[in-house]
Every structure is written in structure tokens, then in C-alpha cells.
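Chemist: Same order as they appear, the protein sequences are chains A and B.
Sequential numbering from 1 applies to the first sequence in my numbering.
Sequential numbering from 1 applies to the second sequence in my numbering.
Rather than coming from a laboratory, the hints here were simulated on the basis of the structure.
Please note: incorrect hints may appear among the correct ones.
[Said to hold, decoys possible] Okay, derived cross-link-like pairs now, BS3-like style, lysine-lysine, Cα gap no bigger than 30 Å in a straight line:
{"id": "1", "chain 1": "B", "residue 1": "73", "chain 2": "B", "residue 2": "140"}
{"id": "2", "chain 1": "B", "residue 1": "140", "chain 2": "A", "residue 2": "152"}
{"id": "3", "chain 1": "B", "residue 1": "117", "chain 2": "B", "residue 2": "140"}
{"id": "4", "chain 1": "B", "residue 1": "140", "chain 2": "A", "residue 2": "40"}
{"id": "5", "chain 1": "A", "residue 1": "152", "chain 2": "A", "residue 2": "277"}
{"id": "6", "chain 1": "B", "residue 1": "117", "chain 2": "B", "residue 2": "71"}
{"id": "7", "chain 1": "B", "residue 1": "140", "chain 2": "B", "residue 2": "44"}
{"id": "8", "chain 1": "A", "residue 1": "153", "chain 2": "B", "residue 2": "140"}
{"id": "9", "chain 1": "A", "residue 1": "153", "chain 2": "A", "residue 2": "40"}
{"id": "10", "chain 1": "B", "residue 1": "140", "chain 2": "B", "residue 2": "164"}
{"id": "11", "chain 1": "A", "residue 1": "224", "chain 2": "A", "residue 2": "40"}
{"id": "12", "chain 1": "B", "residue 1": "140", "chain 2": "A", "residue 2": "224"}
{"id": "13", "chain 1": "B", "residue 1": "44", "chain 2": "A", "residue 2": "152"}
{"id": "14", "chain 1": "A", "residue 1": "158", "chain 2": "A", "residue 2": "40"}
{"id": "15", "chain 1": "B", "residue 1": "164", "chain 2": "B", "residue 2": "124"}
{"id": "16", "chain 1": "A", "residue 1": "224", "chain 2": "A", "residue 2": "284"}
{"id": "17", "chain 1": "B", "residue 1": "140", "chain 2": "A", "residue 2": "158"}
{"id": "18", "chain 1": "B", "residue 1": "44", "chain 2": "B", "residue 2": "117"}
{"id": "19", "chain 1": "A", "residue 1": "277", "chain 2": "A", "residue 2": "153"}
{"id": "20", "chain 1": "A", "residue 1": "224", "chain 2": "A", "residue 2": "152"}
{"id": "21", "chain 1": "B", "residue 1": "164", "chain 2": "A", "residue 2": "40"}
{"id": "22", "chain 1": "B", "residue 1": "71", "chain 2": "B", "residue 2": "140"}
{"id": "23", "chain 1": "A", "residue 1": "153", "chain 2": "B", "residue 2": "44"}
{"id": "24", "chain 1": "A", "residue 1": "277", "chain 2": "A", "residue 2": "158"}
[Unchecked claim] The calculated label-pair distances, taken between Cβ atoms and stated as ranges, are:
{"id": "25", "chain 1": "B", "residue 1": "44", "chain 2": "A", "residue 2": "43", "range": "53 to 63 Å"}
{"id": "26", "chain 1": "A", "residue 1": "44", "chain 2": "B", "residue 2": "11", "range": "43 to 53 Å"}
{"id": "27", "chain 1": "A", "residue 1": "72", "chain 2": "B", "residue 2": "44", "range": "18 to 28 Å"}
{"id": "28", "chain 1": "A", "residue 1": "44", "chain 2": "B", "residue 2": "26", "range": "38 to 48 Å"}
{"id": "29", "chain 1": "A", "residue 1": "168", "chain 2": "B", "residue 2": "41", "range": "41 to 51 Å"}
The beta-carbon is built from N, C-alpha and C at its ideal position, and this holds for glycine as well.
Given next are the chains, with one letter for each unit.
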Amino acid sequence: MSDTPNNPQPGPDEAFDLATLIRCAADDNLSMAQAQALGKHLEAHPEDRARIDFERGLRDAVSAAMDTGPAPAHLRQAIESFIADSRTPDTVGPRTTRDRSFWSRSFLPIALAAMVLMAFGVTLMVSNQPAASTWNTGLSRNVTNWIQTEHKKCCESKEYREGKLNVTNVADVHEQTLRDLGAAPRRIQLDDAGYTFAGYGQCHIPGGGPSGQLIYMSNDGAGKPISLFVQRDDGQLNDVASKTDCLTNDQIFIWRADGLIYYLVSGPKSPTGEALKTLGAPSKQISL
Amino acid sequence: MDRGEFERLALEQLDALHRMAMQISRRHDEADDLVQETYLRALKAADRFEDQGQGVRPWLYRILFNTFYTKRKRDNRGPTSVAEFFNEESKETQPAEPPPAWDLACFDWDHVDDRLKAAVENLKPEYRAVLLLWGIEGMKYREIAEIIQTPIGTVMSRLHRARKLLADDLAEYAEDLGVRVAGTNLTET
Numbered sequence: 001m002s003d004t005p006n007n008p009q010p011g012p013d014e015a016f017d018l019a020t021l022i023r024c025a026a027d028d029n030l031s032m033a034q035a036q037a038l039g040k041h042l043e044a045h046p047e048d049r050a051r052i053d054f055e056r057g058l059r060d061a062v063s064a065a066m067d068t069g070p071a072p073a074h075l076r077q078a079i080e081s082f083i084a085d086s087r088t089p090d091t092v093g094p095r096t097t098r099d100r101s102f103w104s105r106s107f108l109p110i111a112l113a114a115m116v117l118m119a120f121g122v123t124l125m126v127s128n129q130p131a132a133s134t135w136n137t138g139l140s141r142n143v144t145n146w147i148q149t150e151h152k153k154c155c156e157s158k159e160y161r162e163g164k165l166n167v168t169n170v171a172d173v174h175e176q177t178l179r180d181l182g183a184a185p186r187r188i189q190l191d192d193a194g195y196t197f198a199g200y201g202q203c204h205i206p207g208g209g210p211s212g213q214l215i216y217m218s219n220d221g222a223g224k225p226i227s228l229f230v231q232r233d234d235g236q237l238n239d240v241a242s243k244t245d246c247l248t249n250d251q252i253f254i255w256r257a258d259g260l261i262y263y264l265v266s267g268p269k270s271p272t273g274e275a276l277k278t279l280g281a282p283s284k285q286i287s288l
Numbered sequence: 001m002d003r004g005e006f007e008r009l010a011l012e013q014l015d016a017l018h019r020m021a022m023q024i025s026r027r028h029d030e031a032d033d034l035v036q037e038t039y040l041r042a043l044k045a046a047d048r049f050e051d052q053g054q055g056v057r058p059w060l061y062r063i064l065f066n067t068f069y070t071k072r073k074r075d076n077r078g079p080t081s082v083a084e085f086f087n088e089e090s091k092e093t094q095p096a097e098p099p100p101a102w103d104l105a106c107f108d109w110d111h112v113d114d115r116l117k118a119a120v121e122n123l124k125p126e127y128r129a130v131l132l133l134w135g136i137e138g139m140k141y142r143e144i145a146e147i148i149q150t151p152i153g154t155v156m157s158r159l160h161r162a163r164k165l166l167a168d169d170l171a172e173y174a175e176d177l178g179v180r181v182a183g184t185n186l187t188e189t
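If we strip away everything but chain A, and leave its shape as in the complex, we get (with noise of 0.2 Å):
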């Protein structure tokens, strides 16, 4: 069975059942083959998309009810400890056997370096700390884990990305964004930017509101990809969060406006500078 888009002609694995359908459309998962399928069947049905909506809630309800929260202190020390250890193998005393828990080597210098790691951890979290508006933002690591990946995925394969965007006329994304969102992006182009627009397709940004992702391609001959992600703005940021700042960790942009979350994505030499300021991000950015 497939596992990510490909070419319209369905694979000899593939299911075209309903709920084969609905489920992996949940999970952004479809090949355009099935995409196509399903697409014909909401034309006929829009009420079943009701049925994607709560595979897409299941999951943000799983996510929140089984999440155990960070690992605990005591875990975190004992395996950067570790880590530091391994890079000065004279003070690991020799491993008899496979099953020999690191705890059974020589206690002394393991303690030593994670007093030392400690102190070092403390100066780093005060001399690092962010503005206290961002500490309470809302927002979680794996938005942003997911945000980068998805990204990634679309600079490194033309064919997933290309499997994601089934709008590609600019002039139908307003149409679409606010049929998919309830809300469209204020603005679209970023030809003044020195981005093409290369297409949209629906997403599905965990722990939120539905979501899309257009891609943009630079004009400056790289075709290096950005994206920008918009999300149902359903008040997941903390008010005082990005309301009139920009969230930032140099590759994600993060803004709320006109009802929609916005994130904008590139790589670590996309200038996007023209680009944020096209979209009408706000012109302060805070350091997530």
C-alpha cells in the first residue's frame, strides 16, 4: 500500500474503501490516485469531511490525553552526563558485560562531570532565557519539530511536494483556504518578494484547527522552496504571544492575523526578509 503520494494511477495494494480513504486523508497520507478517489466522493458527499474532522480530532485528543509530559530531571542529567562521558573514554571504566548498567561503572567521575554539566546548564538557561512573553506562548515543540519536517520533506522530494499542492492557480487559493480554514491569507503573491507561488494543499499541523501549506519557490535561480503554513487560529498561542510580535527561531516565523496562525518556514539561507514583510507579519520579532 502506498505511503506517499505518487502518480495517478493507483498502486495494486492500494484501498479505495471509505474508511481506508477517510482515515489516511486524516493523516495527510493519500496517494493522488486515492486523492482523486476521495475528492469525486466529497463532491457528492461534503458531509463526509465531517468524518475527517473528528479522525483529525481522535488524534489531537490521543496526543493530549497520553502525553506524560518531559522526562524527568534526574533522566536528563543522568544521560548528558553520559553523553559528556563518552566523549573522555580514559575516565569509563571497561564494560564486563552487555547487560551492565552504565550505573555499575565508576560512580566518581560520572558525578563529577554532571556537577560539572549542572553548572554549566544553569549559566547557559540564565544567560539564555527569553523575554517572558514567549515562555507562555502556547506553542509546543512538536508544532515546530512537525513544521521543519514537513518543510524538509517538501525541499527534498519533488514528488511529495508536488502530491501535496492539489491547488496550483493562485487565483483559486482564497477560494479554497477559506472553504478548507474558514479564513484566507490576506495576501498570497510574493513575486515581489522574489518567491513564485508553486501551490497549496490542505495539512494537518498537530494540535490545532485545520491547516494548509503553500509553497513558494525563489526566482533567484536555486529554486529553493519556503513555506508558509496557515492554521484556524482557534486561540492555541496564548493571547499576549505574537499578537503584534513575530515568534522566531531563524527558519519559523510565527504571526496571527485575519483569524489564521501563519508560519513561515525556510532554510537557513532563504532570505525571507521581503517576504514577511509582503505577508504583513508584524516587524518585531521575539526569539522563541
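Could you slot chain B onto chain A? The hints should help.
Modeler: Leaving out everything else, chain B in the frame of chain A:
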């Protein structure tokens, strides 16, 4: 990828690995040991790691599952390998019934946490693992298949069936709330 970068990326996955370790072992002390052993093995094998576009996360998960099931075998508590556990003969097929088409404006997901948690805990372990890799870690079918060394078709069957079981469990709650099918009006019911 240089060693420092690898260590940084591996450490970023600590919370996620611990989360999964807790889910499969169900014990704090065992989960801690499992995570430590995973990092030990990962760091030893770091020079053999090749990033194939998915980062270090699936690779670490694969080590985690291998470590867990190897220990189970050693303790005579289970099958010999991840592949054996997840590929035990099964007559599962994809569920024929599609998900419900509820009007989600009437359904508050925030109030079903405990119910969902209980339902997930009651799933068979092979269903639960696949569901959690999908639901919490956001993994695609292919990534899950590579981690648990199972064909994608089996992953999909188990995942879709697990989701149907959860939906069935929520159906009673939805009925109590009077949740309607989307697109219907009161006058039509």
C-alpha cells in the same frame, strides 16, 4: 553528520523516547533503564547512523523497541524480537465502517481525556504501540513500519482498527451528550 550534532539531535528526542518507554514498559524504573540503554546503544552506533531524511528520531525509536523486546526475551516474558511481536499471526483487516460524522461543534474533546486514556490502555499492546507512534509522535505509516519492522499494510490495519475501537468507545459518550450527525438539523431527527 558530526558527533556533536548527532548528540544534540539525539538529546532532543529524550522526552519523546521516555514517553514511549513509559507506554510500553508501564513502569517508571523500567522506562528509565530502557531509555538509558537506548542512548547507550545509540551513542555506540552513532558512526553507523545515516540520515535518510527523517532525522534521528525513527532510528532511536527502533533501538528503543529492539532493546525492550530483547530484554523481554531474556526475562522470558515475551517474543524474541520486535518483528516477531508485531508480526504474530493476525487475521486483522481494515475496519469496513468509516469514522463517525458527528457535528463536532457539540462534542468537547477536552472532556474525554480520561475516557480516551482508559480506552488506549485497554488496547492490545501491538495496537497501542502503533496508535501512540501515530497519535503522540505524529509518525507516518512508513516510519512506524520501519520502527516496528512490520509491513505497512499491517501497520495500517492495526492503526485503523485501534482508532475504530476508540471511536466506538466514545460513541456511548456522544450519544449521552446528544451529539448529532454533522449537517442534520433537529427537525430532521
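Chemist: Which earlier hints turn out false for this structure, listed by number in ascending order?
Modeler: 11 and 18
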